[in-house]
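A.B. asks: One letter stands for each residue in the lines below.
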Amino acid sequence: DAKTTQPNSMESNEEEPVHLPCNHSTISGTDYIHWYRQLPSQGPEYVIHGLTSNVNNRMASLAIAEDRKSSTLILHRATLRDAAVYYCISGGEYGNKLVFGAGTILRVKS
Amino acid sequence: NAGVTQTPKFQVLKTGQSMTLQCAQDMNHEYMSWYRQDPGMGLRLIHYSVGAGITDQGEVPNGYNVSRSTTEDFPLRLLSAAPSQTSVYFCASSYADRLGPYNSPLHFGNGTRLTVT
Chain A
81 DAKTTQPNSM
91 ESNEEEPVHL
101 PCNHSTISGT
111 DYIHWYRQLP
121 SQGPEYVIHG
131 LTSNVNNRMA
141 SLAIAEDRKS
151 STLILHRATL
161 RDAAVYYCIS
171 GGEYGNKLVF
181 GAGTILRVKS
Chain B
594 NAGVTQTPKF
604 QVLKTGQSMT
614 LQCAQDMNHE
624 YMSWYRQDPG
634 MGLRLIHYSV
644 GAGITDQGEV
654 PNGYNVSRST
664 TEDFPLRLLS
674 AAPSQTSVYF
684 CASSYADRLG
694 PYNSPLHFGN
704 GTRLTVT
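Top line first, the protein sequences correspond to chains A and B. Using the working numbering, the letters of the first sequence correspond one by one to residues 81 to 190. Using the working numbering, the letters of the second sequence correspond one by one to residues 594 to 710.
Everything labelled a hint here was simulated from the structure, so no lab data went into it. Just so it is clear, the structure is predicted and the values come from calculations on it, not from any experiment. Check before you lean on any hint, since a few could be wrong.
Across the chosen pairs, the derived CB separations fall in these ranges [stated by the list, open to error]:
no. : chain 1 : residue 1 : chain 2 : residue 2 : range
1   : B       : 668       : A       : 122       : 17 to 27 Å
2   : A       : 122       : B       : 653       : 18 to 28 Å
3   : B       : 647       : A       : 147       : 31 to 41 Å
4   : B       : 708       : A       : 119       : 13 to 23 Å
5   : B       : 689       : A       : 95        : 11 to 21 Å
One side only, chain B facing chain A, incomplete, derived with CB under 8 Å [unchecked claim]:
no. : residue
6   : 635
7   : 636
8   : 638
9   : 683
10  : 698
11  : 699
12  : 701
13  : 702
14  : 703
15  : 704
Here a beta-carbon is modelled for each residue, glycine too, at the ideal position from N, C-alpha and C.
Assemble the whole structure, with the sequences as input and the hints as a guide.
C.D. replies: See below:
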């Protein structure tokens, strides 16, 4: 499984956009890039995933670099409820083999 | 839909005791897996299953057994509990992508908090 690198923590103001970076320099051509988040005392929650093209859904956008060695999760307007640990992970054949790192702690200030 | 259901939510064991953590999903997902999460750390894969009757080891399988007799259930057994197994355990499931590499999201349960004294 490809390894990913994320900053330990980031801080944002409420109602402002947040860009969470992730490096995955050893990603293979068939590995998807996944983002999950984990709120306190809960299980991880799927946010978004993609392979090559940028992706949008109701929660966030995923911008993938052309060489696929990095990606950015974009929260367009951070709210206090977005404060969580965000995991960027990359995996191949079976989702069950996704390897979670320590993630980025996102703090949102009001 | 209940999604992924884990029981119990909390459990305290004494060293050497055995127990089974239950995980059930009602989404007809082929893939199921168990992770453990220690304080301040990410999730580590214990065991996973790609379908009924098929299981395989993840990153940290020692001290744990699994079986997959039905699509819905994937219990995790602690054979002889040790303090090092004090952790929060998460079960997850996902469906298979028939077109090629995995691209379906994992659905997680809310976890079982286990303390071994």
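A.B. asks: If a hint holds in the structure, say so; if it doesn't, say that too.
C.D. replies: Hints and how they fare:
no.	hint	in the structure
1	B:668 <-> A:122: 17 to 27 Å	holds (22 Å)
2	A:122 <-> B:653: 18 to 28 Å	holds (22 Å)
3	B:647 <-> A:147: 31 to 41 Å	holds (36 Å)
4	B:708 <-> A:119: 13 to 23 Å	holds (22 Å)
5	B:689 <-> A:95: 11 to 21 Å	violated (40 Å)
6	635	holds (4 Å)
7	636	holds (4 Å)
8	638	holds (7 Å)
9	683	holds (5 Å)
10	698	holds (4 Å)
11	699	holds (5 Å)
12	701	holds (3 Å)
13	702	holds (6 Å)
14	703	holds (5 Å)
15	704	holds (5 Å)
In the structure shown, a violation is registered for the earlier hint numbered 5 alone.
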